[in-house]
Amino acid sequence: MNTVLGLGFILLAGFFLAKLLGKIKFPSVTAYLLLGILIGPSVGSFLPSDLLNASALISNIVLGVIAFGVGQNFSLQNFSRIGKSVLWISVLEATGAWIFVTVAFLLILHQPFYIALVFGAIASATAPAATVMVIREFRSKGNFTDTLLGVVAIDDAWCLIIFAVSLAVAQAIYNHMLAGFFLFKVFSASLLTILGAFVLGAIVAALLSSLSKFLRSQAELLILTIGFVFLTIGLALRFHLSVLLSNMFFGAVLINIDKTPLKFFESLKTIDPPLFLLFFVLAGANLEISILPKLGLIGITYLISRVLGKMCGAGVGAHFARAQRNIKKYLGLALIPQAGVALGCALIAKNDFPDVGNMIFTTIIATTVIYEIIGPLCTKYALHKAGDVALQSSSP
Amino acid sequence: MQVKELMSKNVITVTRSTTLKALLTMFIKFHIFPLVPVVDEQGHLAGIVSFQNLLNVFRPYNPELLKAVPFLDEEGEDNIFHIDLTEEVGNLVLVEDIMEQKIVSLREDMSIEEAFNLMKMHLKEEFPVVDKNNTLVGMIGVFDIIREVFHQKGVI
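Sequences listed follow chains A and B, in order.
Under my numbering, the residue at position 215 of the first sequence is numbered 215, and the numbers go up by one with no gaps.
Under my numbering, the residue at position 98 of the second sequence is numbered 98, and the numbers go up by one with no gaps.
You can take every hint at face value.
Which residues of chain B face chain A? A partial, calculated answer using Cβ under 7 Å:
| # | residue |
| --- | --- |
| 1 | A68 |
| 2 | V69 |
| 3 | P70 |
| 4 | V104 |
| 5 | H122 |
Honestly, the hints are just simulated from the structure, not real lab data.
Note that this is a predicted model, so its numbers are computed, not measured.
Where a beta carbon is used, it is the ideal one built from N, C-alpha and C, also for glycine.
Isolated chain A, as found in the complex:
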């Protein structure tokens, strides 16, 4: 199969499989992942090797685009609006999963600190798409649903920050391992990554905003926006900064300094869907089924400690924010699904840590599939228990 034929096949097969699995209420993400596993080297081996080799390229582009979009959350207006409970709960459920998983990997599995840290950071992500699907299906309404939506809308942003910091620390430890562990080096390397990403994001945002007065059409807008997102991704890679953070800061600064910033974000949305499809199929194709059986204990530890972390974190957050009892008790349970952002982070980890990357990536793909099946059930249970689902669903 040549590369272009492969691309056409992936897009069309992805479309039909998503329609098919949509009938039994599976999110499109799961369909794309399954397609990837089926046509990838572990099972069907249909995928042209050019495409498989381009996984890192595609994932960098997709993650850059996602991070840029997530940056929108950081408008000052948005912060004044989202409210105390959403802020507390989202920050603490993300940090809760991070800490619980990291500690569990250190104490139970005796993994090196940098591996534990990377797993912990990936665990902080959630899957808004799956959560929203459950809310739509049951037409749930109420204070619990409102808080839940607020939390899933912003927590990808916290995840990206947590992941970028953890990755910087993990890389510093990994690279200096032979020379000994220098706390100062670790600290300065992480600080440099974050500051560098901020400076890069801010400069690019200022440049794009000042150039926007020359724009005369939607086509030019799209070209300029994609150009700047690629530029940011490329410069971040060139100077060893975080692609995620650089693009997130790019979006965050742009939304605050430009007079009419929404047009940039909206124009990118027109090219998102096929890119996202490709990203998930390639993620699925990168799964190595042969190492799956060895991951039993790691997988189980990850699955359980992440759920506990989310539940405790959300509970503590709700307590601090003096949220209602149903939120304190059940919100963490509604945050179990895991998907795109976690996979993206795992792909980065796979490329950054050649010797353990495959283990990290395969664990995250396998647990993503499991979470995508049990996660929505947990969300349903939480919505019912919290009293936000009416007795009858009114959708057909």
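Given chain A, put chain B in place with the hints provided.
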């Protein structure tokens, strides 16, 4: 030429607490639902309601909240024919629940060339106009601008 010289100053506005029923009745004689600015007590622009936002009544949540979320499947709107709404919805749903807050507004001192350009960029035909304090002072549509251009060329 500046936007304030061409804009319509007589604008029908609503407040956050206007009910859905009042909103729908207000425009019963219109062929299409216009872009309706939402203002607060001081006349500041707080948001807008478009016909797309009316569809939010059929959704369990306001999709504006999730604009920045990646990988979200678009929801089809064809199911509005199948969703039951009760009579109370007319009084229970307020403009505040469905309005859009992340909006583009034009400053009254902006040039009409720039305004026309923004309409093309955002694929919108109408924008609310505000002064430097974000107080709503009018509305300007693409037709206001085109009409003026025809006028300048001597066609009308």
